[in-house]
Structures are given as structure tokens and as C-alpha cells.
Amino acid sequence: MAFSALRILKEGLTGNKGWQPHWRDPAPKEEYDVVIIGGGGHGLSTAYYLAKEHGITNVAVLEKGWIGGGNVGRNTTIVRANYMVPGNSEFYSHSLKLWEGLDADLNYNVMHSQRGQITIFNSDGARDAAMRRANAVINQGDDAELLSLGQLKKTLPYLDYDQTRFPIYGGMLYRRAGTARHDAVAWGLARGADRRGVDIIQNCEVTGIDTAGGVVQGVQTSRGAIRTKKVAIVVAGRSSQVAAMAGMRLPIESHVLQAFVTEGLKPCIDHVVSYGMLGHFYISQSDKGGLVFGGNLDGYASYAARGNLPMAEHVCEAAMTLMPMIGRAKMLRSWGGIMDMSSDGSPIIDKTHIDGLYFNGGWCYGGFKAIPASGNCYAHLIAQDRPHPAATGFRLDRFTTGRGLLDEEGTGSHHNLH
Amino acid sequence: MKIPCPLCGQRDSREFSYLGHASLMDRPAPDAGDAAWDDYLHNRENPAGVTEDLWSHDYGCAAWVVVTRNTVTHGILSARLAKEGTS
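Top to bottom, those sequences are chains A and B. This note's numbering puts the first residue of the first sequence at 1, with every later residue one more than the last. This note's numbering puts the first residue of the second sequence at 1, with every later residue one more than the last.
Note that these hints are calculated values from the structure, not bench results. Just so you know, not all the hints are guaranteed correct.
Unchecked claim - Listed below are the simulated SDA-like cross-link pairs for lysine to any residue, each with C-alpha atoms no more than 20 Å apart in a straight line:
# : chain 1 : residue 1 : chain 2 : residue 2
1 : B       : K2        : A       : G299
2 : A       : K52       : A       : D385
3 : B       : K2        : A       : A304
4 : A       : K153      : A       : A126
5 : B       : K2        : A       : R306
6 : A       : K288      : A       : N109
Bound-form chain A, shown alone (with noise of 0.2 Å):
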């Protein structure tokens, strides 16, 4: 059943009592042609671009807890395609042009809002480095702007110009990075995808996959054994787990990233605001009011989904460096997302030693931004056993062979540098 302005208006004056679930509760059945392992965002991306793209909808998406519990409802949310190395550059560029047409395509509204975002130079090095970056990302076919002190001060007046410890020398506006609401893009393609036949299965853990001389049979799970050709792991934060089960070693270290949200107040930050100085430090305010930043990650292998003081204090320091103001604000709550870093800090979909299984994960602090591409090219690299065009460069062998590392902050290919 479609969303539409009229349904609204009708079930408004009618009580709201029409709605119905947005996608079913079926029992896993005995054999799928696809099993997509994590029903995050980028394992519901999958399934649903699958169903649409491809024509294959006798898929189930198996997922230990519920649909919108695991990293997709633990990030900033924000949406950007300023990436700088041929392989993330095409891929993130993908990813933006499908986010801009998501709400249509879905008929949800996953509330993509194109505010803006402006990351914050604060030396002449650092305005050398945002050129080089802006011209990658104006090479890839995106749109990036320099913004002089001035134009800055007339565009965030808010923040503080007169300190000398980090002085402001200006920003670059990517005027089409902005947020998602991040529950919504969960729900809007856990329904897509259950309009078009997929089975999602909620509170359904995989305990193991089968194979038989190196080809998939199956997955056994907490509700019972199933049968298929095609597996599909998809889930950053427990991927070195679930490949475990197949037998595989991973280049992926989980580390925590915390993040932070506000109280509710009056819309003060209309858009993405970053700097590089003092570590990291982003910030965006949800529809909801709440200010939403986070920084680095702490540091340390965790699953803990929660992180440590130090980091809060860094962040909050970071951001009363930047913008004052923001001391006033009380702050509200705080979590931690779980991150497959990879050893070269870029992600991975591709297909593994074993016949029929797939793997997407290494998503680092970079997955929120990525679902419907990586959704999108998992799909096509299930369906057709060949890489999708914007994401030939997410190989796993890379590591192993050295050529074709997608190495952006140019620290090499070694855990703990990303």
C-alpha cells in the first residue's frame, strides 16, 4: 500500500486506523535462492535492490535482533560523497546520486535532507589539502565550493573567529552532503524489499554455514536449518564471526566511534559542520533539534557498542573550540556504533574461496553513507557474479597483494592507522 498525501488526509480523518505493518513476519522456509546474513541497512539495501534490480525475490534477509538495532541506528547519519582515491570516489559518487533519489524510488520518506556540508580548514596546509580534495571529488563529477573567511562568517556566524589556537581560514561546501533519518531508510527498505516478495526474518541468528568441497549448501540458524545456493554476508561489526563459521580470517579489526546527541533546541546549525584540527570533530542538528556530533574512533579493539570518557571529553573539547555556544547545550545521550576497520581504512564486497558465498563488511566509520550502493553493487556482484562498475576496487585480495589499496589518509595498510 502506497504513502501518498491523500491516504494521509483520508486516514487522518478517519481515525489512523488503516496502517498496517510495514512488512511481514514470516517463518524462514526450508530453501531461498539467495540468504542475505544481517538485516542492517546495507543487508535490507541488498535484498531490495536484488528484488528490484534483479528479478530475484525468493530471497530472506536473516537477522539476529530487529530490523534498525545494530549499527544503522548507531551513527551521525550523515550523507557525503567527498571521497578522494579512484575506488572510493566512483563508489560514494554511486551512492549519492541513488541516495537523492531514494525517497522517490521507495515512497518513504527517509527525510535525505541536502543541507550542506562545510569542513573547516584551519591552515594554509589545510586549505591546500581541502583544494586537493574538492578538485578529486569535482573530477568525479560532484560539486565542491571554497568558502573565504568572509563568505564563511556570513554562512556560520556562530562559531569563533577571534581564537588563535586553531584560527579559521575558511571552508569547502559540498552542497549535496547532508543527513538521513536513519530509522527510515531501515524501514523504507525493509519494506521495499517485503513488497517485492523478500522474506525478512527478524530474532533469526545464523550459527553456521554449510558447505560441501568448497560450495555453499546452506546456513543452520536459531530457527532451523536452510537450504541455498547463494549466501550473503553482510554484516559490519560481527564479520570477522560470521566469516569465521566459513573458515576465513579477515583484515578487519571492531573498533567503537562514539557519537553524541543534545537536548532539543531551536534549529542553531543549519548544516554538516567538520574540522580537522584537534583530532575530528563533526556536527549536525536532527529535525528532532538535537545537536548530533561524534569524532574519532577511542581507539582500541571493542564490541562494546558504548565508549569511554577520554573520547567524550576530546570530542566536547573539540567542539567548545569551534563553537562556544554549544557549552550551553546539555547533553543527552551517547552511544557507540561497532566498526569493521580494515586494515587499509575502505570497505569490501566481493566473493570468497568458498562457491556461492559473498562478503560485504570493512565498512569502517563509512558505512551509514554507503547503504543503498553497497546494497546496490552486492546485488549486482550476487546476481551476475561480477563486480558492479562502482565498486571493482572493494576486492579482498587487495591486502594480500598490495595492488589496488584504497588507502585514504595515505598512512598505509595497517590496522590502528585509520
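Got chain A; can you put chain B on it based on the hints?
Structure of chain B alone, referenced to chain A:
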């Protein structure tokens, strides 16, 4: 988090810098081959639960310390000097 440095006692984790899993001490032989080196450099056990990892007490005694801790709870169980070798 507080880390019980074997030389300095209980110290704030901010005094330490983190390197990674303690298996980094089991360096393959120079001629061990590409597969062994690839596995050593890139692949990780990445356990959800008890793990051992390497921390350097930069703002203390500067010793490398192997910390046994739980990645799910952030509980720290014990610590020993890295020079004592792998368990």
C-alpha cells in the same frame, strides 16, 4: 579504563597508546613466505570477548604491556610485560 601496568600500578588508559592484538609479537621468520606475512600483517582473530593486546605506556615507564581484557565489557583482567613473551 585503568590499566594495571606491571611497573607503575593502576594507571589511566590515556597514558597508554594502543597497537593491536598481542599476536603481533609472533613475527614470522623473514623467509616464512607471502601467505604467513600477509596473515601476520593484515588478518586478525578479532575476538568478541577476552583478548590480549599490546599497549605502550608512553606517559609512564615506556614499557610495552600485554593487557588481557574483554572487548565486550571493556573489563581489564590483567597485564604483564611484553618482554615476558606470548602466553
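Against the structure, the hints come out as follows:
no.	hint	verdict
1	B:K2 to A:G299	holds, 15 Å
2	A:K52 to A:D385	holds, 17 Å
3	B:K2 to A:A304	holds, 16 Å
4	A:K153 to A:A126	holds, 18 Å
5	B:K2 to A:R306	holds, 16 Å
6	A:K288 to A:N109	holds, 15 Å
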